[in-house]
Amino acid sequence: MTLEPRFVRDLAALPTHAFSHRSLTWWGIIGFMLIEGSAFLLAIVAYFFLMSHQPEWAPRPWLPPDLFPGTLFTVALLLSEIPNSMIKRAANAYDTNNVRRLLLVMTLIGLALLVVRGFEFNALNVRWHDNAYGSILWALLLLHTTHILTDWIDTVVLWRLMNTAHGEEPRRMVDTDENALYWRFVWISWLPIYLLIYWVPRIFR
Amino acid sequence: MSSALEKAKAPPADVPRDGPGLSGPVLEARLARTWGRPRGLIGWLSSVDHKDIGRRYIVTALTFLALAGALALIMRLQLAKPENDLVGAARYNEIFTMHGTTMMFLFAVPVMQGVQIYLTPLMIGTRAMAFPRLTAVSFYLYLAGGCLLWVAFILNIAPDIGWFAYPPLSGPQYGVGKRPDIWAQMVTFTEVASLAAAVTLIATILKQRAPGMSLARMPLYVWTTLVTSLMVVFSMPAVALASSLLLSDRLVGTHFYNPAEGGDALLWQHLFWFFGHPEVYIIFLPATGFVSEIVATFSRRSIVFYPVVVLSVVATGILAFGLWVHHMFATGLPRVGYSFYTAASISVSIPTALQIFCWIATLWEGRPRLQVPLLYVIGFIITFVIGGLTGVMIAAVPLDLQLHDTYFIVAHFHYVLIGGAVFPLLGAITYWFPKFTGRMMSEKIGKLGFWMLFLGFQLAFFPMHVAGIYGMPRRVYTYPAGMGLEWPNLLSSLGSLVVALAVLLFVLNMVRSALGGRRAAANPWDGSSLEWATQSPPADYNFAHIPVVESRAPLWGSRDHLPVVHGLRVDDRELLLTTVMDAVPDVREPSAQPSPWPFISSVAISVMFIGSILSPWALVVGAIPATIAMAAWFWPKGPPELEPTIS
Numbered sequence: 001m002t003l004e005p006r007f008v009r010d011l012a013a014l015p016t017h018a019f020s021h022r023s024l025t026w027w028g029i030i031g032f033m034l035i036e037g038s039a040f041l042l043a044i045v046a047y048f049f050l051m052s053h054q055p056e057w058a059p060r061p062w063l064p065p066d067l068f069p070g071t072l073f074t075v076a077l078l079l080s081e082i083p084n085s086m087i088k089r090a091a092n093a094y095d096t097n098n099v100r101r102l103l104l105v106m107t108l109i110g111l112a113l114l115v116v117r118g119f120e121f122n123a124l125n126v127r128w129h130d131n132a133y134g135s136i137l138w139a140l141l142l143l144h145t146t147h148i149l150t151d152w153i154d155t156v157v158l159w160r161l162m163n164t165a166h167g168e169e170p171r172r173m174v175d176t177d178e179n180a181l182y183w184r185f186v187w188i189s190w191l192p193i194y195l196l197i198y199w200v201p202r203i204f205r
Numbered sequence: 206m207s208s209a210l211e212k213a214k215a216p217p218a219d220v221p222r223d224g225p226g227l228s229g230p231v232l233e234a235r236l237a238r239t240w241g242r243p244r245g246l247i248g249w250l251s252s253v254d255h256k257d258i259g260r261r262y263i264v265t266a267l268t269f270l271a272l273a274g275a276l277a278l279i280m281r282l283q284l285a286k287p288e289n290d291l292v293g294a295a296r297y298n299e300i301f302t303m304h305g306t307t308m309m310f311l312f313a314v315p316v317m318q319g320v321q322i323y324l325t326p327l328m329i330g331t332r333a334m335a336f337p338r339l340t341a342v343s344f345y346l347y348l349a350g351g352c353l354l355w356v357a358f359i360l361n362i363a364p365d366i367g368w369f370a371y372p373p374l375s376g377p378q379y380g381v382g383k384r385p386d387i388w389a390q391m392v393t394f395t396e397v398a399s400l401a402a403a404v405t406l407i408a409t410i411l412k413q414r415a416p417g418m419s420l421a422r423m424p425l426y427v428w429t430t431l432v433t434s435l436m437v438v439f440s441m442p443a444v445a446l447a448s449s450l451l452l453s454d455r456l457v458g459t460h461f462y463n464p465a466e467g468g469d470a471l472l473w474q475h476l477f478w479f480f481g482h483p484e485v486y487i488i489f490l491p492a493t494g495f496v497s498e499i500v501a502t503f504s505r506r507s508i509v510f511y512p513v514v515v516l517s518v519v520a521t522g523i524l525a526f527g528l529w530v531h532h533m534f535a536t537g538l539p540r541v542g543y544s545f546y547t548a549a550s551i552s553v554s555i556p557t558a559l560q561i562f563c564w565i566a567t568l569w570e571g572r573p574r575l576q577v578p579l580l581y582v583i584g585f586i587i588t589f590v591i592g593g594l595t596g597v598m599i600a601a602v603p604l605d606l607q608l609h610d611t612y613f614i615v616a617h618f619h620y621v622l623i624g625g626a627v628f629p630l631l632g633a634i635t636y637w638f639p640k641f642t643g644r645m646m647s648e649k650i651g652k653l654g655f656w657m658l659f660l661g662f663q664l665a666f667f668p669m670h671v672a673g674i675y676g677m678p679r680r681v682y683t684y685p686a687g688m689g690l691e692w693p694n695l696l697s698s699l700g701s702l703v704v705a706l707a708v709l710l711f712v713l714n715m716v717r718s719a720l721g722g723r724r725a726a727a728n729p730w731d732g733s734s735l736e737w738a739t740q741s742p743p744a745d746y747n748f749a750h751i752p753v754v755e756s757r758a759p760l761w762g763s764r765d766h767l768p769v770v771h772g773l774r775v776d777d778r779e780l781l782l783t784t785v786m787d788a789v790p791d792v793r794e795p796s797a798q799p800s801p802w803p804f805i806s807s808v809a810i811s812v813m814f815i816g817s818i819l820s821p822w823a824l825v826v827g828a829i830p831a832t833i834a835m836a837a838w839f840w841p842k843g844p845p846e847l848e849p850t851i852s
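Quick mapping for you: the protein sequence lines, in order, are chains A and B.
Note that the working numbering numbers the first sequence so that position 50 is 50, with each residue one more than the last.
If you want the working numbering, it's the 1-based position in the second sequence plus 205.
If you're looking for bench data, these hints aren't it; they were derived computationally from the structure.
Treat the hints with care, as some may be off.
Here are a few chain B residues that face chain A, going by a calculated C-beta distance under 10 Å [to be verified]: (1) A403; (2) P416; (3) S440; (4) L450; (5) H460; (6) E466; (7) M688; (8) E691; (9) D776; (10) M835; (11) W840.
A few chain A residues that don't get close to chain B, going by computed Cβ distances all over 10 Å [claimed, not checked]: (12) F7; (13) L14; (14) L24; (15) R60; (16) R89; (17) W128; (18) I148; (19) E168.
Okay, the calculated bits of chain B under chain A, using three or more residues with CB under 8 Å as the criterion [to be verified]: (20) 219-229; (21) 475-484; (22) 735-743; (23) 791-798.
Note that this is a predicted model, so its numbers are computed, not measured.
By construction, the Cβ of each residue, glycine as well, lies at the ideal position given by its N, Cα and C atoms.
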């Protein structure tokens, strides 16, 4: 420092972690949500752009996707918010034991969701290379699947970490809290995509 | 009560901290140990110092500028006379594609982000970027994308589809071989790199500003960085999506851009230009930030109407998203579309004009010193105003339909991009050179270089307006004699040689000055912002104590003392987080230590991306090592310590 320092305040008493918008990584996660949200939004715009070129959607002779796997997935995804909210609450209460238990639950739920998602691809009743309608349906489903998959991997890594001595670190509770926040993005972003894949091709047939 | 809760409520640990009892050389030695990086190649690859990464970004981007500039020279030599046969048609297609792609994706945006990565933490008074390892990954992926494109060029498989790669030319039917795939995957690399840097910059600016640096006191350059980073976040997903859809059309037979199966080539144009137009402002707005800083320092007064400049930058950032369709006037639009996008395109000139008036007013009110950085600013104002005016002209649909895809457009965008971004960039390099290297650039060579560049530029690009009005189309490798195109083209070619010499002179000046230039003090230009409060070049830890900001021009307020806060630990890397609006001290958070994992992750991601040019399964197989590397990056490397660390 070339200028003489004039000390005005001691900050040693400040906390070394904080939740929500006071945390640095929270802003990083919000940034990535904005990026991924923009990508979802643009993919949705592309969907409507392609749809505007067709007299009917799904174009005959292709049948709209079967409802069962996608609806099952949606219901399960919505229900997953219950343990997800419990994790957030446990993390904010620094309750390591509950966080450990619930992360295992979320890991298993994520795995189950991935299995159901596999059946969804099979129920689309169109292949990606059949026509542009099939291409955009597959693109939306694949785009969302990457989010389920990456958050599931994230949750597995976090679950393992929380079962070490680091699980007792307050700062790791912030990681857990933010992982749960990201899961909310994953399920909220699914809802419009569910409508576009399963319902719009029925309504505009 | 759980152990985590007890720890959360525990008082600060007994670790060494900066303050009245630990200051001066003793503190600096300890901080240097804490914030330094290991020696050797591994240490170099492990660096998470924003100054290292910013410098690497800048040097790499300038290298790509030189390469793309060499291609421009080849094109100008080919076009110097009619029916020239120096370069054939196919090679010419590759050359203009490589020139445009390199300039836009590998030079213009990365160089701006490189300077932002270098300067932002210094200007806001912090010690590191918010996510230092992500910043490192950003650089490595950018480098990998650039190498992919240029190795392809050397191997004679370079893309030849223009820098905006319109299907069907780039699609599976006409874009045979792997050339378009290489282009599309280069886009993926650079977009991921750019998005990572943008998120890091946003978090850094919003959460790490020095105490007291409220948003209303933030340096104008930092404002432009914040706005452009937000623009990156909202615009770059469009091109990433567009190029992914293109790759999938080519690789797995989807039909997004295939009209025969319900797709539409115009979908590409919408997605591409929804990115491509904001991209122009992502390049231009940081340059306006350079101009604001240089004008203030060299006028020796703060920028007149600071709030107007800030609002102009924000308005430009928003309006930039409403203009993309003016690139598509020639595709045919509904009448209301023409009217709307013409109005929007003309209106974007208003905030930029406001900024220009504020700079002129500042120069008018101040005591300007006509040194090299300010010369570049004046060159910028003149050149950019000409480019802006031709922009207003071609915002009018009838004229645009006449001039579309002619050399008039080439002239226009070189005026706004070179005049609007490269001139301020060279001024900025000259201005911050002492901070980057600890030495001053030669003023005499700098002035000579400026005049050569300014005049050579006008000679090279002004005649292109004429060639365009005479009807010369872009992207043709030659033209017949007798159409009035000989003189404009010859003048342009001569001008391009002068520009090349001027750039060479600038580079020589940089090298010579970096090796043996006059040593620079901490604040050689008497600047007012915080980067000038630390030595040139800054130490690894940037600031020995975190400064406190009491006005918009902190260094002009007190000339001998700097108010600082203290109490940050010195035995490990720690940052001060402040509140978003008012920058009130809020949290002490650890900052990441150097790590080789970002580099290893980048290699794994690069293998995955490049493999996916050949087979979609590369994404599945390649994701496994990439995931493992990223988990290793995140995983703590030792037992918990007294206070949190990121090991």
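So, going through the hints one by one against the coordinates:
1. A403: Holds - the Cβ of A403/B comes within 10 Å of chain A, reaching about 7 Å at its closest.
2. P416: holds (7 Å)
3. S440: Result: holds, 8 Å to nearest chain A Cβ.
4. L450: At about 7 Å, which falls below the 10 Å cut-off, the nearest Cβ of chain A leaves the hint on L450/B intact, so it holds.
5. H460: holds (4 Å)
6. E466: Hint on E466/B: holds, closest Cβ of chain A at ~4 Å, below 10 Å.
7. M688: Constraint on M688/B not satisfied, violated at 40 Å.
8. E691: violated (45 Å)
9. D776: violated (13 Å)
10. M835: With a minimum Cβ separation of about 9 Å from chain A (threshold 10 Å), the hint on M835/B holds.
11. W840: Cβ of W840/B sits 7 Å from chain A, so the hint holds.
12. F7: Answer for F7/A: violated, closest chain B Cβ roughly 5 Å.
13. L14: violated (5 Å)
14. L24: Violated, since 5 Å does not exceed 10 Å.
15. R60: Correct as stated: the minimum Cβ-Cβ distance to chain B is 12 Å, above 10 Å.
16. R89: It holds; R89/A is separated from chain B by about 14 Å at its closest Cβ, greater than 10 Å.
17. W128: Violated, since 5 Å does not exceed 10 Å.
18. I148: Correct as stated: the minimum Cβ-Cβ distance to chain B is 14 Å, above 10 Å.
19. E168: violated (4 Å)
20. 219-229: That given contact holds, which follows from 4 residues of the stretch 219-229 of chain B lying within Cβ reach (below 8 Å) of chain A.
21. 475-484: holds (count 3)
22. 735-743: holds (count 3)
23. 791-798: holds (count 5)
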